[in-house]
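Number of protein chains: 2
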Amino acid sequence: MINAKMTALGKKRSVIREIFEYAKKRSGEIGGENVFDFSIGNPSVPAPKEVNEAILRIVNETPSVALHGYTSAQGDKGVRDKIAANLRARFGAEIYGDDLYMTCGAAASLTISLRALCNDGDEVVLIAPFFAEYKVFVQGVGAEAVVVPSCPSTLLPDMVALAGSITPKTKAIIVNSPNNPSGVVYDEETLCALAKILRKKAEEFGTRIYLICDEPYRELIYDKKTVVPFAPNYYDDTLVCYSYSKSLSLPGERIGYIAVSPKMEGHGDVYAAVCGAGRTLGYVCAPALFQRVAAECDGLTADLSIYKKNRDLLYNGLTKAGFSCVYPDGAFYLFVKSPEKDAYAFCERAKKYELLFVPGDDFGCEGFVRIAYCVGTERIEKALPLFEKLAKEYAL
Amino acid sequence: MINAKMTALGKKRSVIREIFEYAKKRSGEIGGENVFDFSIGNPSVPAPKEVNEAILRIVNETPSVALHGYTSAQGDKGVRDKIAANLRARFGAEIYGDDLYMTCGAAASLTISLRALCNDGDEVVLIAPFFAEYKVFVQGVGAEAVVVPSCPSTLLPDMVALAGSITPKTKAIIVNSPNNPSGVVYDEETLCALAKILRKKAEEFGTRIYLICDEPYRELIYDKKTVVPFAPNYYDDTLVCYSYSKSLSLPGERIGYIAVSPKMEGHGDVYAAVCGAGRTLGYVCAPALFQRVAAECDGLTADLSIYKKNRDLLYNGLTKAGFSCVYPDGAFYLFVKSPEKDAYAFCERAKKYELLFVPGDDFGCEGFVRIAYCVGTERIEKALPLFEKLAKEYAL
Chain A
39 MINAKMTALG KKRSVIREIF EYAKKRSGEI GGENVFDFSI GNPSVPAPKE
89 VNEAILRIVN ETPSVALHGY TSAQGDKGVR DKIAANLRAR FGAEIYGDDL
139 YMTCGAAASL TISLRALCND GDEVVLIAPF FAEYKVFVQG VGAEAVVVPS
189 CPSTLLPDMV ALAGSITPKT KAIIVNSPNN PSGVVYDEET LCALAKILRK
239 KAEEFGTRIY LICDEPYREL IYDKKTVVPF APNYYDDTLV CYSYSKSLSL
289 PGERIGYIAV SPKMEGHGDV YAAVCGAGRT LGYVCAPALF QRVAAECDGL
339 TADLSIYKKN RDLLYNGLTK AGFSCVYPDG AFYLFVKSPE KDAYAFCERA
389 KKYELLFVPG DDFGCEGFVR IAYCVGTERI EKALPLFEKL AKEYAL
Chain B
39 MINAKMTALG KKRSVIREIF EYAKKRSGEI GGENVFDFSI GNPSVPAPKE
89 VNEAILRIVN ETPSVALHGY TSAQGDKGVR DKIAANLRAR FGAEIYGDDL
139 YMTCGAAASL TISLRALCND GDEVVLIAPF FAEYKVFVQG VGAEAVVVPS
189 CPSTLLPDMV ALAGSITPKT KAIIVNSPNN PSGVVYDEET LCALAKILRK
239 KAEEFGTRIY LICDEPYREL IYDKKTVVPF APNYYDDTLV CYSYSKSLSL
289 PGERIGYIAV SPKMEGHGDV YAAVCGAGRT LGYVCAPALF QRVAAECDGL
339 TADLSIYKKN RDLLYNGLTK AGFSCVYPDG AFYLFVKSPE KDAYAFCERA
389 KKYELLFVPG DDFGCEGFVR IAYCVGTERI EKALPLFEKL AKEYAL
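Protein chains in written order, with the working numbering: chain A, 39 to 434; chain B, 39 to 434.
Don't take every hint at face value.
[Claimed, not checked] When the alpha-carbon atoms are kept at most 20 Å apart in a straight line, the in silico DMTMM-like pairs for lysine to aspartate or glutamate are as follows:
{"#": "1", "chain 1": "B", "residue 1": "K389", "chain 2": "B", "residue 2": "D399"}
{"#": "2", "chain 1": "B", "residue 1": "K63", "chain 2": "A", "residue 2": "D160"}
{"#": "3", "chain 1": "B", "residue 1": "K238", "chain 2": "B", "residue 2": "E171"}
{"#": "4", "chain 1": "B", "residue 1": "K50", "chain 2": "A", "residue 2": "D400"}
{"#": "5", "chain 1": "B", "residue 1": "K389", "chain 2": "B", "residue 2": "D400"}
{"#": "6", "chain 1": "B", "residue 1": "K49", "chain 2": "A", "residue 2": "D136"}
{"#": "7", "chain 1": "A", "residue 1": "K43", "chain 2": "B", "residue 2": "D307"}
{"#": "8", "chain 1": "A", "residue 1": "K50", "chain 2": "A", "residue 2": "E416"}
{"#": "9", "chain 1": "A", "residue 1": "K115", "chain 2": "B", "residue 2": "E56"}
{"#": "10", "chain 1": "A", "residue 1": "K50", "chain 2": "B", "residue 2": "D399"}
{"#": "11", "chain 1": "A", "residue 1": "K50", "chain 2": "B", "residue 2": "D307"}
{"#": "12", "chain 1": "B", "residue 1": "K238", "chain 2": "B", "residue 2": "E227"}
{"#": "13", "chain 1": "B", "residue 1": "K49", "chain 2": "A", "residue 2": "D114"}
{"#": "14", "chain 1": "B", "residue 1": "K43", "chain 2": "A", "residue 2": "D160"}
{"#": "15", "chain 1": "A", "residue 1": "K346", "chain 2": "A", "residue 2": "E416"}
{"#": "16", "chain 1": "A", "residue 1": "K173", "chain 2": "A", "residue 2": "E404"}
[To be verified] One-sided and incomplete, this derived list gives chain A residues near chain B with beta-carbon spacing under 10 Å:
{"#": "17", "residue": "V103"}
{"#": "18", "residue": "I150"}
{"#": "19", "residue": "C313"}
{"#": "20", "residue": "A315"}
{"#": "21", "residue": "G316"}
{"#": "22", "residue": "A324"}
No lab work stands behind these hints, which were simulated from the structure alone.
Ideal Cβ positions, reconstructed from N, Cα and C, are used throughout, including at glycine.
Let the sequences and hints guide you as you build the complete structure.
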């Protein structure tokens with residue numbers, strides 16, 4: 039009688055959540071120091087000190103009604119102008135405040151963008167491995183998720199498969215770089231190839247195909263050579279979905295934005311549809327205090343050197359132990375090839391050593407596991423000998 | 039090609055917004071002190087001082103990762119337990135933390151509840167006058183809004199019309215008390231009569247009909263005799279959609295909750311559907327800092343004596359001038375009968391005196407205007423002679 043899909047979705051615990059709960063239970067049994075929980079992508083590094091400083095300053099300096107009142111639905115104009123100015127300075131993209139729509143984080147950015155673009159029966163292309171909730175969001179707006187594989191050796195899109203997946207019903211493709219769960223970054227060559235395919239197919243079918251870039255991990259890169267190209271500079275019909283959850287370690291505060299590239303044809307209609315979609319989904323405005331905090335702290339990051347240290351330690355340790363893994367340029371995940379075909383069985387076997395991580399199946403890739411390294415560095419140091427023992431079981 | 043409904047919704051300026059913009063323009067021309075803008079329902083009273091004190095204390099005392107990290111999707115358990123304890127103490131209702139789902143404010147509470155309950159083609163009953171966005175929310179989940187009138191003399195539901203509006207497709211009815219735009223409060227007798235009809239019709243059709251109570255104005259009542267009955271005590275299949283926007287003057291911060299009455303049959307399925315709906319719409323969790331602020335300040339209110347003073351002044355002044363209006367027990371609106379049939383024409387004529395308010399048509403009632411008195415008291419004092427002049431034009 040009520041919406042059965044919603045009940046099922048609410049009851050179905052994600053595998054990540056199940057392992058997280060198991061970790062809590064196990065910690066109670068044998069002590070947290072003996073359990074190595076790599077299941078959750080929750081930032082482990084504090085917000086930069088400027089965040090709390092900004093909160094205190096704004097609260098102390100702003101009259102209550104102005105501070106806590108509604109902003110316009112798109113977000114405070116001063117906030118949007120400031121963030122847009124930073125985007126222009128960083129990427130040379132002609133994006134202005136009126137191209138931005140402030141949101142309650144990346145998930146909201148995605149559901150609003152999808153609701154704005156899609157009609158019933160449209161198709162949205164996802165490139166495996168992908169963040170598991172994408173399917174929920176795509177199906178939630180009545181569209182169909184079309185999954186295409188990556189090249190197994192690079193975890194970058196298989197361009198032939200990608201081109202083949204696009205039909206006259208394709209409304210959008212979601213790209214997530216740096217990628218959750220693989221940590222892979224789409225380089226300029228990849229983005230150019232992708233844009234070329236989208237342009238060609240859009241022309242062939244006489245349609246528009248929107249590129250939705252989900253970029254909560256944009257700043258989480260660890261090597262000087264790594265560049266995350268800014269998609270609006272390569273493809274006109276782009277919406278960038280950003281969140282401060284990871285860059286500023288503020289995942290609980292729900293603050294981000296959508297940037298609708300002004301170069302797209304029908305920009306005004308798409309931006310209006312974003313506004314209409316936000317209204318329909320019940321997003322009146324993004325949280326007012328954190329809009330201002332985001333504007334003040336835009337461009338800062340949490341201390342990423344900790345994640346870099348963790349990545350180097352874990353990547354080097356695991357590959358030395360014999361595990362196989364694409365080098366992760368960013369985010370805080372390693373997507374490791376399972377040494378046995380069934381990743382669930384591998385995860386179960388790892389539990390013997392109190393090593394907890396999640397199978398890649400929910401991310402659209404069988405035979406892989408995701409290891410989240412947003413943990414204390416000493417956890418990784420202590421876990422590495424256990425990973426070595428696990429590797430020996432497989433004679434790696 | 040993109041979603042045309044969303045584009046239309048984003049482009050369509052609400053009448054309220056149009057008048058608000060006109061007020062800004064007019065203020066530029068003749069000075070803000072000469073323009074009397076009663077169009078917007080934005081709290082004019084500061085948040086109680088405990089709100090900012092709580093923000094500063096929580097920020098200073100809580101480690102960053104714990105403070106700004108994800109809470110569970112339903113909301114922090116401690117927060118929910120504390121708010122539920124207050125509900126038990128205030129209303130004697132057996133509601134516990136696990137019956138609550140923290141949200142980004144009342145609009146989110148409503149869209150999540152509707153998404154949880156409704157399937158395509160379901161009907162949702164709205165009682166005119168109603169908050170205009172209800173229609174957007176209902177249609178946004180693929181349901182149909184069925185509007186029933188109130189008794190013109192009381193603006194309470196016309197129970198005969200209400201009973202007649204319920205069909206086997208009726209999934210829910212939205213009740214908003216204290217009411218926006220009328221300020222009317224549903225007393226115990228009204229709620230009992232409503233519950234009786236819902237029970238009878240549900241039995242007759244072999245369906246369940248959910249009562250969705252939208253209660254952002256619950257605490258905004260001004261007379262000792264006024265009681266806002268707590269619906270879960272009168273009807274089992276109730277979801278209470280609450281927001282702190284008005285009680286704590288925090289509309290921009292987006293914080294509220296859904297209380298799923300544990301007395302309803304299938305409570306677990308409905309609560310799960312709420313969780314699934316929140317996930318589908320992209321609400322990962324309610325803003326973490328303000329969840330804690332809400333729990334600490336639950337039960338407090340902004341200084342309501344200002345609204346009471348405004349209400350008394352405006353109600354007495356307008357009725358004395360000859361206007362006709364149901365006595366508003368709560369919220370911060372007066373719903374005044376238009377002295378000419380066309381409320382738009384009345385609003386236009388009022389502009390001559392720089393008096394700005396909105397026609398009731400968008401609230402589902404022709405021939406009325408909404409006057410929002412969440413303004414400085416001196417604005418009302420200065421406006422009253424102008425209302426008197428306006429009344430004379432109509433020979434009231």
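Here's how the hints hold up against the structure:
no. : hint            : result
1   : B:K389 x B:D399 : holds (18 Å)
2   : B:K63 x A:D160  : violated (42 Å)
3   : B:K238 x B:E171 : violated (29 Å)
4   : B:K50 x A:D400  : violated (40 Å)
5   : B:K389 x B:D400 : holds (19 Å)
6   : B:K49 x A:D136  : holds (14 Å)
7   : A:K43 x B:D307  : holds (11 Å)
8   : A:K50 x A:E416  : violated (33 Å)
9   : A:K115 x B:E56  : holds (18 Å)
10  : A:K50 x B:D399  : violated (43 Å)
11  : A:K50 x B:D307  : holds (12 Å)
12  : B:K238 x B:E227 : holds (17 Å)
13  : B:K49 x A:D114  : holds (18 Å)
14  : B:K43 x A:D160  : holds (15 Å)
15  : A:K346 x A:E416 : holds (14 Å)
16  : A:K173 x A:E404 : holds (16 Å)
17  : V103            : holds (6 Å)
18  : I150            : holds (7 Å)
19  : C313            : holds (3 Å)
20  : A315            : holds (5 Å)
21  : G316            : holds (8 Å)
22  : A324            : holds (8 Å)
In this structure, the hints that do not hold are numbers 2, 3, 4, 8, 10, in rising order.
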